[in-house]
Amino acid sequence: MPTLASLKPGESAFVTLLDEGSYTCKLLNLGILPKAKVTMVRKSPFGGAFYIKLERHQLAMRTEEAETIYIEQEL
Amino acid sequence: MTKADRFNIALLGNPNSGKSSLFNFLTGLRQDVSNFPGVTVDKKSGRYTLHNGIEAHIIDFPGTYSVYPNSSEEKLVINILADADNPHRPDLVIYVADITQLERHLLFATQIVDMGYPMVFVLNMTDLVEKDGSSIYLNGLKQYLGVPIICISVRDEKNMEELESKIEDLVEKLDRLSASPLYQLSDIETFVAGRVQKYLGLENIYTAKIISHHYQWLEFLSQDQRKYISDIIARSGFNDLKLQVRETMQRYDSYSEVVKKTVISNKKTLKSRTDQIDEWITHRFIGPLIFFVVMLFVFQSIYSWATYPMDWIETGFATAGSRMNNFLPDVWWSDLIINGLMAGMGGVLVFVPQIAVLFFLLSILEESGYMSRVVFMFDSIMQKFGMNGRSMVSLISSGACAIPAIMATRTISNPKERLITILVSPLVSCSARLPVYAVLIAFAVPDIKIFGILNVQGLAFMGLYLLGILGALGSALVFKKILKSDSGSFLMIELPDYKPPIWKNVLLSVKAKVIAFIAGAGKIIVFISVILWFLASFGPGDALKNAEMEAIQKSEATGKSIEAQNNLIASYKIEASYIGHMGKWIEPAIAPLGFDWKIGIALLTSFAAREVFVGTMATIYSIGNDNDEKTIREKMAAEVRPGTDIKVYTTATSFSLLVFYVFAMQCMSTLAIVKRETNTWKWPIVQFLFMSVLAYFSSLMVYQLMG
Chain A
1 MPTLASLKPG ESAFVTLLDE GSYTCKLLNL GILPKAKVTM VRKSPFGGAF YIKLERHQLA
61 MRTEEAETIY IEQEL
Chain B
1 MTKADRFNIA LLGNPNSGKS SLFNFLTGLR QDVSNFPGVT VDKKSGRYTL HNGIEAHIID
61 FPGTYSVYPN SSEEKLVINI LADADNPHRP DLVIYVADIT QLERHLLFAT QIVDMGYPMV
121 FVLNMTDLVE KDGSSIYLNG LKQYLGVPII CISVRDEKNM EELESKIEDL VEKLDRLSAS
181 PLYQLSDIET FVAGRVQKYL GLENIYTAKI ISHHYQWLEF LSQDQRKYIS DIIARSGFND
241 LKLQVRETMQ RYDSYSEVVK KTVISNKKTL KSRTDQIDEW ITHRFIGPLI FFVVMLFVFQ
301 SIYSWATYPM DWIETGFATA GSRMNNFLPD VWWSDLIING LMAGMGGVLV FVPQIAVLFF
361 LLSILEESGY MSRVVFMFDS IMQKFGMNGR SMVSLISSGA CAIPAIMATR TISNPKERLI
421 TILVSPLVSC SARLPVYAVL IAFAVPDIKI FGILNVQGLA FMGLYLLGIL GALGSALVFK
481 KILKSDSGSF LMIELPDYKP PIWKNVLLSV KAKVIAFIAG AGKIIVFISV ILWFLASFGP
541 GDALKNAEME AIQKSEATGK SIEAQNNLIA SYKIEASYIG HMGKWIEPAI APLGFDWKIG
601 IALLTSFAAR EVFVGTMATI YSIGNDNDEK TIREKMAAEV RPGTDIKVYT TATSFSLLVF
661 YVFAMQCMST LAIVKRETNT WKWPIVQFLF MSVLAYFSSL MVYQLMG
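Residue numbers (the numbering used here), protein chains in the order written: chain A, 1 to 75; chain B, 1 to 707.
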């Protein structure tokens with residue numbers, strides 16, 4: 001299954017599942033949960049991190065964090 | 001104090017909800033910042049008088065996302081909320097939510113309601129929604145939460161009286177309107193939480209569930225209680241993460257329709273203002289460029305704005321000192337007051353303007369939302385050095401002063417990354433090194449221009465700053481290899497919408513930091529100053545008296561003025577004092593670096609604070625209270641090694657001394673703050689040792705290569 005890290009800048013998708021681990025708790029608290037719509041806005045200037053947009057707010061996360069978020073283009 | 005003595009009101013909410021602004025409004029200047037017992041988490045509390053005369057105690061708790069914490073600050077909040085006997089346990093919760101982020105901010109609110117706390121739900125930032133042309137409908141939300149709701153805007157101070165009267169009403173009758181839980185426990189949760197509830201004798205089953213989740217670290221549980229809960233969990237197959245996902249999703253599902261009906265937007269904006277700003281601010285090339293321009297501005301401001309008040313403070317203390325000299329009797333304790341205590345206090349207060357200006361600018365950057373963009377942009381670089389994007393903020397602040405920088409590391413949740421940031425921050429050249437650099441560069445570097453505009457001395461300044469940054473990054477790499485870490489590192493950070501800063505918040509934060517500095521580091525600086533005063537004012541036996549006689553004889557023989565004679569006496573006295581002996585004693589150790597015992601004395605006194613170097617040099621070279629850098633420079637330039645005409649301050653010695661000052665840990669206050677932030681003397685000692693070793697060997701290398 002593709003993860004959030006595989007999106008190209010400008011692309012959107014829906015979260016389907018979280019890979020349960022040490023990031024899960026933090027992701028849930030920041031509003032990343034199944035069915036949420038996520039948009040990859042851009043990569044960080046020196047790589048390694050992403051600028052992610054949700055419905056109403058923005059987040060930054062590392063590649064390995066984004067790789068625990070499984071996505072699908074359509075719900 | 002026991003719980004029964006007072007009425008506790010807790011301000012709770014997510015980070016960036018405007019909670020602290022509301023706290024500042026409600027308490028005004030009647031607030032104080034202390035630590036929660038046993039942890040380095042700021043406790044901001046204030047008094048709030050209700051109309052019926054009851055004094056309430058308001059605590060502004062750290063921003064929290066949910067009852068499933070990720071940082072030590074959030075853990076503290078849960079420790080208090082889940083503990084029925086905690087002295088900080090709230091009698092009433094004022095929950096603050098950003099109305100533009102309602103869906104996310106409702107999560108924690110519903111959890112607190114389920115824990116059975118009486119609550120008033122405050123929707124903040126309604127000004128932003130109204131500006132949008134959107135409408136707010138509260139009926140559905142009121143029914144769903146079952147608590148009083150009020151819309152306010154702290155920025156515009158709108159509806160604030162209404163909020164205050166709601167609080168009054170609630171204090172009179174502390175009941176929840178509806179008693180049905182917002183979250184339906186699963187079978188397994190009901191089983192585990194039910195047992196735990198009965199065993200601990202709790203009123204609330206949801207609290208029992210939270211305790212079951214976090215029993216390993218909740219402080220109020222006894223060993224027996226932990227054992228009991230752990231046994232039940234092992235038997236039942238209670239899965240922490242799965243149940244957290246279940247709970248979070250069920251809560252979102254239960255209120256997402258309600259949220260949609262609460263704020264009805266009239267226009268569909270495709271790109272918000274924040275999106276537009278971030279296209280530039282976080283742009284691949286322009287973003288870092290903007291950052292460096294902003295930093296340049298910050299440093300310029302610190303140097304130019306803070307100079308004036310610093311001069312006033314210095315002259316003020318000097319004038320006060322000489323006035324007191326005139327009317328105090330000529331005994332040892334007057335000298336202690338003037339040259340020990342007052343000089344020490346002057347040494348503390350002189351930093352206040354810089355700390356104030358730095359925190360003024362940093363809190364504007366923080367409040368507006370820019371700092372989290374910096375964290376995002378530089379995280380990957382910082383990670384290579386074992387640090388976190390959040391370390392950037394500390395390393396930048398270190399350019400002014402390591403003390404606020406180290407205080408700013410609390411936002412780094414990974415202990416190893418935080419520790420590395422604390423350990424290497426003082427290597428970034430702070431403003432206290434400036435006067436030392438200024439005096440010494442004049443010896444080491446010719447005052448000429450290249451290409452007609454670039455001043456070589458200016459380039460040398462820049463070189464020293466770069467050397468400090470390289471030292472910090474290099475040491476960070478070493479610590480990254482040595483230190484062990486068992487907890488994971490993460491970036492995941494909210495990039496809040498850009499907002500103009502609320503000035504009251506900015507000023508209160510400046511005030512809090514300045515007070516923390518004076519109270520924390522100030523005491524130690526004054527203490528060390530008194531010790532140094534003692535070492536410089538007393539010597540073994542009659543050594544000082546003899547030195548004074550000798551100086552008088554010598555100056556009378558050469559027919560010097562009274563002022564010159566006094567200066568000569570001071571110079572002979574410091575040589576004969578304890579610290580003079582210590583300087584001579586360490587001379588063999590520092591001779592390979594090109595230093596003589598006079599520099600040795602200055603190194604010892606600089607241990608209190610670097611800038612003391614210039615003052616000590618002034619005393620040793622008997623130029624009295626005239627702390628003029630140019631005079632000191634001339635004196636030092638004329639200095640020769642005894643019995644020869646070899647100059648003491650050769651280019652090699654000057655460079656060696658400069659490098660020493662770049663790397664050496666010569667700041668008691670920093671060590672004191674590191675002790676406070678790490679809760680042990682281990683790390684300040686490690687820091688002192690590694691920086692001293694680094695300084696010694698770098699200087700040795702420089703002197704031996706150049707000399």
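Because the hints were derived from the structure by calculation, they are not lab data.
Please note: incorrect hints may appear among the correct ones.
Said to hold, decoys possible - Over the 10 Å line for every Cβ pair with chain B, so calculated as not near, a few chain A residues:
1. M1
2. P2
3. K8
4. E20
5. T24
6. C25
7. R42
8. E65
9. Y70
10. L75
To be verified - FRET-style restraints, in silico, Cβ to Cβ:
11. B:R47 - A:L17: 43 to 51 Å
12. A:S12 - B:S72: 30 to 38 Å
13. B:K384 - A:L17: 39 to 47 Å
14. A:T16 - B:V693: 50 to 58 Å
15. A:L17 - B:I515: 44 to 52 Å
16. B:E55 - A:L17: 28 to 36 Å
Every residue gets a Cβ at the ideal spot worked out from N, C-alpha and C, and that includes glycine.
Taking the hints in turn, this is what the structure says about them:
1. M1: holds, 17 Å
2. P2: holds, 20 Å
3. K8: holds, 15 Å
4. E20: violated, 5 Å
5. T24: Non-interface label fails for A:T24: nearest chain B Cβ at 5 Å, not farther than 10 Å.
6. C25: violated, 5 Å
7. R42: violated, 7 Å
8. E65: Nearest chain B Cβ is 6 Å from A:E65, so the label is violated.
9. Y70: holds, 13 Å
10. L75: holds, 14 Å
11. B:R47 - A:L17: 43 to 51 Å: With a Cβ separation near 49 Å, B:R47 and A:L17 satisfy 43 to 51 Å, so the hint holds.
12. A:S12 - B:S72: 30 to 38 Å: With Cβ atoms ~35 Å apart, the hint holds.
13. B:K384 - A:L17: 39 to 47 Å: Once the Cβ atoms are compared, 31 Å apart, the range 39 to 47 Å for A:L17 and B:K384 is violated.
14. A:T16 - B:V693: 50 to 58 Å: holds, 54 Å
15. A:L17 - B:I515: 44 to 52 Å: Since the Cβ atoms of A:L17 and B:I515 sit about 49 Å apart, the hinted range of 44 to 52 Å holds.
16. B:E55 - A:L17: 28 to 36 Å: For A:L17 against B:E55, whose Cβ atoms are near 51 Å apart, the range 28 to 36 Å is violated.
Going down the numbered hints, you'll see the structure goes against 4, 5, 6, 7, 8, 13 and 16, while the others check out.
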